[in-house]
Amino acid sequence: MSRTPMMDKLVLRTTDRHLPFSVHLDLTYRCNERCVHCYLDHEDYGEMNTAEMKSVLDQLAAAGTLFLTLSGGEIFLRQDFFDLLEHARKLHFDISLKTNALLITPARAQRLKSLGVRKIQVSIYSGDPAIHDGITLVPGSLERSLEAIRYVKSQGMVVTLACPLMKQNLGAFRSVIALAEEMNVPYVMDMTITPMIDGNHKTVDHRVALSDLLPVLSDAKLNPKIGIAPTLSAGDSAVSSGMPLPEGGDDICCSAGHNTCYISPYGEVFPCVQLPVGTGNVRTQKFEDIWYHSPEMERISSIREAQLAHCGTCSIRPYCERCPGLALMEGGDIMGAYQRACELAEMNARLAGVPNPISAMHAHRASTGASNAQVFHPAQTKLVAIAPLRTN
Amino acid sequence: MSFDAARTVKSEALLPNPLLAWREIDGAIVIISPEDSVVHELNPTASFIWKQLNSNHSTGEIAQQLADEFEVSRETALADTKELLESLAGMRLLCAADRRKGSVHV
Numbered sequence: 001m002s003r004t005p006m007m008d009k010l011v012l013r014t015t016d017r018h019l020p021f022s023v024h025l026d027l028t029y030r031c032n033e034r035c036v037h038c039y040l041d042h043e044d045y046g047e048m049n050t051a052e053m054k055s056v057l058d059q060l061a062a063a064g065t066l067f068l069t070l071s072g073g074e075i076f077l078r079q080d081f082f083d084l085l086e087h088a089r090k091l092h093f094d095i096s097l098k099t100n101a102l103l104i105t106p107a108r109a110q111r112l113k114s115l116g117v118r119k120i121q122v123s124i125y126s127g128d129p130a131i132h133d134g135i136t137l138v139p140g141s142l143e144r145s146l147e148a149i150r151y152v153k154s155q156g157m158v159v160t161l162a163c164p165l166m167k168q169n170l171g172a173f174r175s176v177i178a179l180a181e182e183m184n185v186p187y188v189m190d191m192t193i194t195p196m197i198d199g200n201h202k203t204v205d206h207r208v209a210l211s212d213l214l215p216v217l218s219d220a221k222l223n224p225k226i227g228i229a230p231t232l233s234a235g236d237s238a239v240s241s242g243m244p245l246p247e248g249g250d251d252i253c254c255s256a257g258h259n260t261c262y263i264s265p266y267g268e269v270f271p272c273v274q275l276p277v278g279t280g281n282v283r284t285q286k287f288e289d290i291w292y293h294s295p296e297m298e299r300i301s302s303i304r305e306a307q308l309a310h311c312g313t314c315s316i317r318p319y320c321e322r323c324p325g326l327a328l329m330e331g332g333d334i335m336g337a338y339q340r341a342c343e344l345a346e347m348n349a350r351l352a353g354v355p356n357p358i359s360a361m362h363a364h365r366a367s368t369g370a371s372n373a374q375v376f377h378p379a380q381t382k383l384v385a386i387a388p389l390r391t392n
Numbered sequence: 393m394s395f396d397a398a399r400t401v402k403s404e405a406l407l408p409n410p411l412l413a414w415r416e417i418d419g420a421i422v423i424i425s426p427e428d429s430v431v432h433e434l435n436p437t438a439s440f441i442w443k444q445l446n447s448n449h450s451t452g453e454i455a456q457q458l459a460d461e462f463e464v465s466r467e468t469a470l471a472d473t474k475e476l477l478e479s480l481a482g483m484r485l486l487c488a489a490d491r492r493k494g495s496v497h498v
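Chains as they are written, first to last, in this note's numbering: chain A, 1 to 392; chain B, 393 to 498.
Quick caveat, the hints were computed from the structure, so don't treat them as lab data.
Just to be clear, a hint being listed does not mean it is correct.
[Claimed, not checked] List of simulated lysine-lysine pairs, DSSO-like, C-alpha gap at most 30 Å:
#  : chain 1 : residue 1 : chain 2 : residue 2
1  : B       : K474      : A       : K54
2  : B       : K443      : A       : K113
3  : A       : K54       : B       : K443
4  : A       : K113      : A       : K54
5  : A       : K153      : B       : K474
6  : B       : K474      : B       : K443
7  : B       : K474      : A       : K9
8  : A       : K113      : A       : K90
9  : A       : K113      : A       : K167
10 : A       : K9        : A       : K113
11 : A       : K167      : A       : K119
12 : A       : K286      : B       : K474
13 : B       : K443      : A       : K90
14 : A       : K221      : A       : K153
15 : A       : K286      : A       : K119
16 : A       : K119      : B       : K443
Working from the sequences, and respecting the hints, build out all of it.
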């Protein structure tokens, strides 16, 4: 949803009232691609069955959720996908999908349209099949995804190309922009590659070194902040479905736990797909009990920017896209700063013309002689505590 | 049209477009059309009428309930209701009842 004064007002109001305005629901972690950077474990450890998923949708509608993002894994691998979609339609959600689109046929695209799906985000890593297919590990996947995008677009739905940038496709980001422009669709580039949900950090090896990101950060199309003083807001993401916060709201870090949350295929409720703090499980608890009364959710939603040890006083904070989840996964402290965000903020500030920018954390480390080396905290990075609950 | 006459005219002809996303947010109805991604927020009176539309009430019944709820005359309530329905229909937020039945194909 694009930013408008009315949307800004709604985001502020739902944040203020702590209403679950936008929810990201993963229907499955199973997938028909094997993307090298993916943070998911594609085994099925007992996904919620159709009745459980419908109950979740019922509870979200009753709680006031308007924006519903259905994602995965690959959503079309669920045999009951259209059954769930029909149920969501009857509950009047604004429905967005995230998919690789491999299983979208013309008939399915028509059905998506008839069920009121408004927006579909498709992962495209490059305009070069060798690069795209080399990331998905599925030969022919780029061609199939692009064909499906044309089916969806012909139905009048909004399609966005999502391109996580990693070592394999960094040099090809302009080919994705060219594809998007040729197809007349929006695109989002995302430099975030997270550890896996089981705590494994092998995916992080695919991250681009910050020094190599300069061509991306220097591209005026991708980084409109160049040379101007930016406003502080969460950027678009290929992973997170959080809502960008408008100015004038409370002093909060992001929308996670305030008016958005994430629900896994196993029923675990998290403040965000990128914030691995379990707050409850809809298999054993009512969603509203979790949303309004979980101590963990209350703790997350009570955090204010001013409380952040370094970031709260950082002079280049407006150039930073700090994520609380990544702060936890990469720095070990949801209230803390983390290396990559600080370095990216310094690069962005430098590009905007700030002389000798240095983050508050780096300044502190310089004053104490501490190292700036990246240290991961694997004990904090387990996103989903999977307990086999085979109810299907 | 008099209010009493309106009571006999059913509003089945116009019902909320089933493809719309909508929710009551903090007392106000918020509507999003998947066709154009436009967000509409209804004021308290319009929100009240929207909820009645979803309960299959006639225009006259809605106007009567509006008059009772907001303490306005029945004539004023009817005029406001008709004006809103025309406005919503003009924005394609309402559609014909027979079309509505056939809109969702699963």
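Consistency of the hints with the structure:
no.	hint	in the structure
1	B:K474 - A:K54	violated, 36 Å
2	B:K443 - A:K113	holds, 25 Å
3	A:K54 - B:K443	holds, 23 Å
4	A:K113 - A:K54	holds, 20 Å
5	A:K153 - B:K474	violated, 36 Å
6	B:K474 - B:K443	holds, 15 Å
7	B:K474 - A:K9	holds, 28 Å
8	A:K113 - A:K90	holds, 14 Å
9	A:K113 - A:K167	violated, 36 Å
10	A:K9 - A:K113	holds, 28 Å
11	A:K167 - A:K119	holds, 28 Å
12	A:K286 - B:K474	violated, 41 Å
13	B:K443 - A:K90	holds, 15 Å
14	A:K221 - A:K153	holds, 23 Å
15	A:K286 - A:K119	holds, 28 Å
16	A:K119 - B:K443	holds, 26 Å
In the structure shown, a violation is registered for the earlier hints numbered 1, 5, 9 and 12, in ascending order.
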